[in-house]
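Colleague: Here is how the chains run, residue by residue.
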Amino acid sequence: MASHATTEHTLAPGEIAKPNTGWIWKTFGVLVAITAIEFVFVFLMHPSTLRNSIFIVLTILKAFFIVAEFMHLKHETKGLIWTILVPVALLIWLLVALITEGSFIGEVLQSMFK
Amino acid sequence: MAQSTTLQHPAASATHDAPRTGNWDGGNEPFKASYGKLMMWFFLLSDAFTFAAFLTTYGMIRHKHEVFTGEAKDFFFSTRWWPIPDHVFNAFPGMGEANVPLGFVALMTMILILSSVTMVLAVEAGHRMDKADVQKWLLWTILFGATFLCSQAWEWSHFIHGHAEPTIMADGTKFFGANLSMNQYGPVLFADLFFFITGFHGTHVFSGVCLLVWCFIATTNGTFEKRGHYEMIEKIGLYWHFVDLVWVFVFTFFYLV
Chain A
1 MASHATTEHT LAPGEIAKPN TGWIWKTFGV LVAITAIEFV FVFLMHPSTL
51 RNSIFIVLTI LKAFFIVAEF MHLKHETKGL IWTILVPVAL LIWLLVALIT
101 EGSFIGEVLQ SMFK
Chain B
1 MAQSTTLQHP AASATHDAPR TGNWDGGNEP FKASYGKLMM WFFLLSDAFT
51 FAAFLTTYGM IRHKHEVFTG EAKDFFFSTR WWPIPDHVFN AFPGMGEANV
101 PLGFVALMTM ILILSSVTMV LAVEAGHRMD KADVQKWLLW TILFGATFLC
151 SQAWEWSHFI HGHAEPTIMA DGTKFFGANL SMNQYGPVLF ADLFFFITGF
201 HGTHVFSGVC LLVWCFIATT NGTFEKRGHY EMIEKIGLYW HFVDLVWVFV
251 FTFFYLV
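In order, the protein sequences belong to chains A and B.
Residue numbering for the first sequence follows the numbering used here, starting at 1 and increasing by one per position.
Residue numbering for the second sequence follows the numbering used here, starting at 1 and increasing by one per position.
Just so you know, the hints here were simulated from the structure itself, not pulled from any lab data.
Hints may be right or wrong, so weigh each one.
[Stated by the list, open to error] Taking lysine-lysine pairs in the DSS-like style, the calculated list, with each CA pair at most 27 Å apart, reads:
id, chain 1, residue 1, chain 2, residue 2
1, A, K78, B, K235
2, B, K174, B, K32
3, B, K235, A, K74
4, B, K235, B, K37
5, B, K226, A, K26
6, A, K26, B, K174
7, B, K131, A, K18
8, B, K32, A, K74
9, B, K73, A, K74
10, B, K37, B, K174
11, A, K18, B, K73
12, B, K174, A, K18
[As the list claims (entries may be wrong)] Simulated DEER-style distance windows between Cβ atoms:
id, chain 1, residue 1, chain 2, residue 2, range
13, B, F31, A, E107, 44 to 52 Å
14, B, K136, A, L44, 24 to 32 Å
15, B, V213, A, M45, 20 to 28 Å
16, A, M45, B, W154, 41 to 49 Å
17, B, A170, A, G29, 34 to 42 Å
18, B, P166, A, V88, 41 to 49 Å
19, A, F113, B, M182, 34 to 42 Å
20, B, H161, A, G22, 40 to 48 Å
Predicted, not measured: the structure shown is a model, and the values here were computed from it.
For glycine and all other residues, C-beta sits at the position ideal for the given N, C-alpha and C.
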C-alpha cells in the first residue's frame, strides 16, 4: 500500500484525500493493448505453434499485470510472492507435461487403426 | 488448558481487548499481510489448482484429438477433429447469422477487465476512507459483473441451440447445437469441456457479484467506516481479480489457441 499512497499531508478530520488513480488506468491501458494485439494475431496469422506460443506469452504478460498491480502482489513481501509463485510454476509444469502426454496418446490411438 | 477463565463477553473485560503482541500468541503477521488477506491468497491458490486441473484436462484431451489440417476457409464441423474456435464462437447478439468471429467474446473480455478496474478503484477509495467513492465503484463493478453473466447466458444459449447450418448425422438426421452427449461442433468432449470450464468460471463470477452486493450493503450501512478500515473490500477485490485472471486464461486456451 505504501507505494501507491497519496502524497501525505495531514488531513483535517472528515476531509478525504484526493484520489490517486493514474496507475490504475495505466494498467488498464496495458491490458487493453495486449488484448488488442492478441486479436491482431488471431486474424492476421495462420494457426501454428508459433501463433499459440505468442498467445501464451501475451497471456502470461496480462496475468502478470493483473496479479502484480491489481492484486498488489508486487508490493507484498518476498515471502508471500514466492509462496504464490512456486506452486503456480509447478502447475505450469503439470500442464506442459500432460499436453505432451495427450499428443502422444493421440498419436498412438490414431496409428492403431492404420 | 490449565487456566480456568470464565467465558464472558469480550467487551466485559479490558484484558481480552488488549492487542496481543507476542510472536506466538497472534501478534505476529506472517508476510506482513493481515490474517484475512493471507487466507484469501491461499484460498485463491487452491482455486487456481482447480482451474489448472480443468485447463490441463482441456489441453490433454485436445491434443489427443486430430487437428484439422486444411485451409481455414474449407473448415467444416466434424467429430473427427477438434473445431476451430472462430468457427464456433462467431455470433453476436442481435446480428442473426452474421459472421463475427470472436466478436462477442472480445466484448465479454473487455467487460470483465473493466470490472476489474472499477474494483481497484473501489479498493483505492477504501484506502482513502471515501465512502461515497467506494459505493460508486462497487456499483459499477456489480453492473459489469452482472453484464458479464448475462453475456455468458446468451453465449451458452447460442451454443446449446446451435448454428443455422446443422450437422448431418450418419443416419441422415440433422443435429443442431450441443448437449453433454452430442454436439454439432466436434468431439463430444469439446462441448462438455466448454460447459464445465466456462460454467465453473461463471459460478465464480456469480459468487463474486453476490459478495460485492453484500459489500455494497455493508458500505452503505457504514459497517466498514465504524470498523476503521475497508479491508473487506480489498479481500473481495482479490477474489474478483482472480476471477478476471482465470478468464484471461480461459479466453486464451478456449477461444484463441
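Colleague: Per the hint of 24 to 32 Å, is the separation of the Cβ atoms of B/K136 and A/L44 within bounds?
Modeller: 40 Å, violated
Colleague: Please work out if B/K73 and A/K74 have their alpha carbons no farther apart than 27 Å.
Modeller: 44 Å, violated
Colleague: Given the hint that B/K174 pairs with A/K18, test it: the Cα-Cα distance must not exceed 27 Å.
Modeller: Distance of about 62 Å is beyond 27 Å: violated.
Colleague: With 44 to 52 Å as the target window, see if B/F31 and A/E107 comply at their CB atoms.
Modeller: 45 Å, holds
Colleague: Can the suggested window of 41 to 49 Å be confirmed for the beta-carbon pair B/P166 and A/V88?
Modeller: 42 Å, holds
Colleague: Verify the CB-CB distance for B/V213 and A/M45 against the hinted window 20 to 28 Å.
Modeller: With a Cβ separation near 42 Å, B/V213 and A/M45 fall outside 20 to 28 Å, so the hint is violated.
Colleague: Between the beta carbons of A/M45 and B/W154, is the distance compatible with 41 to 49 Å?
Modeller: 29 Å, violated
Colleague: For a C-alpha distance cap of 27 Å, please report whether B/K226 and A/K26 respect it.
Modeller: 33 Å, violated
Colleague: Going straight from one Cα to the other, do B/K174 and B/K32 come out at no more than 27 Å?
Modeller: With Cα atoms ~61 Å apart, B/K174 and B/K32 exceed 27 Å; violated.
Colleague: Quickly compare the C-alpha distance for A/K26 and B/K174 to 27 Å and report which way the hint goes.
Modeller: 50 Å, violated
Colleague: Checking one constraint from the list: CA of A/K78 to CA of B/K235, max 27 Å. Satisfied?
Modeller: Distance ~20 Å between A/K78 and B/K235 Cα, so the pair holds.
Colleague: So if I understand the rule, the pair passes when the alpha-carbon distance is 27 Å or less; does B/K37 with B/K174 pass?
Modeller: 53 Å, violated
Of the numbered hints given earlier, the model fails hints 2, 5, 6, 9, 10, 11, 12, 14, 15, 16, 17, 19; all others are met.
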